[in-house]
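**Student:** Sequence:
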Amino acid sequence: MNAPLESRIATVLSDDKISSLDVADLLNENEMAIAMADNDATVAETTALDPLQSPDLHKARATVEDAKFRATRLRSLLPRLQTKYDKVSRNERHAKWASEYDRVKIKRDNAAEKLHQLYPQMAAKLVELLTDIEATDKEVIQINNAGTPFLTDGYPDDPRHRQLLSVELMARGLDHFGVYDLKIMTDLKMPNWTEPKKLAWPVPKPPVDWSGVVPKFPSKGADWASERERGAA
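Be aware that the sequence shown starts at 430, since it is given in the working numbering, and climbs by one per residue.
Treat the hints as calculated values from the structure; they're not laboratory data.
Hints may contain errors.
[Stated by the list, open to error] Simulated crosslink set (SDA-like; lysine to any residue; CA at most 20 Å straight-line):
id, residue 1, residue 2
1, 567, 507
2, 567, 613
3, 634, 563
Using the sequences and the hints given, assemble the complete structure.
**Tutor:** As structure tokens, then:
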């Protein structure tokens with residue numbers, strides 16, 4: 430039985446196409462065969478040491494040595510089988526990973542292409558829309574403020590001219606924003622596609638030019654020196 434096992438192990442060790450499951454099965458079979466061979470060697474040694482059971486000294490010794498040799502021979506194959514299993518298993522995992530890598534890369538490339546095609550266009554359209562909304566909201570504030578006096582001087586209330594909601598509130602079907610509500614107009618941030626350090630929205634405000642600003646200090650008056658002396662006295 431051992432000879433066919435050793436033969437199969439030799440075949441597996443030289444087979445580059447075998448699966449890790451087949452190697453694992455053979456590894457388990459070899460470990461079982463080693464256990465049986467060790468048991469046979471123990472039994473043979475016990476028998477050999479009993480002259481009544483083994484009267485022929487040379488034959489008894491040969492039987493023990495043969496049983497131990499078989500166990501040692503099978504045990505010597507374990508490290509090579511384990512190495513073979515580790516290599517085949519690793520190759521299988523790598524092949525699976527490589528396949529998943531290719532799949533995810535294709536998916537990533539497709540998503541990146543869509544983003545490349547759509548984001549600049551969508552961002553430009555959104556910036557245009559949001560800029561228009563921002564301007565409209567300013568007009569809404571102005572018209573609401575202009576109508577405030579009519580609400581406090583006894584002018585008849587006209588439901589047709591109630592305070593106007595902002596564009597975003599109207600669009601989202603809300604009548605107000607809560608303290609923790611997120612607002613598109615103030616909380617949305619969109620990166621600039623070509624300049625990663627800048628935002629496309631909110632639109633960056635131009636820096637204030639302070640070069641033309643002249644500081645104005647309060648005048649001390651023509652007799653500031655005499656007043657200072659009087660204060661000191």
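**Student:** If a hint holds in the structure, say so; if it doesn't, say that too.
**Tutor:** Right, here's what the structure says about each hint:
Restraint check: the Cα-Cα separation between residue 567 and residue 507 comes to about 82 Å, which exceeds 20 Å; the hinted pair is violated. A C-alpha spacing of about 16 Å is found between residue 567 and residue 613, which places the hinted pair at or below 20 Å, so the restraint holds. As the CA atoms of residue 634 and residue 563 are separated by approximately 14 Å, the hinted pair is consistent with the 20 Å bound.
Comparing the model with each earlier hint shows a violation of hint 1 alone; every other hint is respected.
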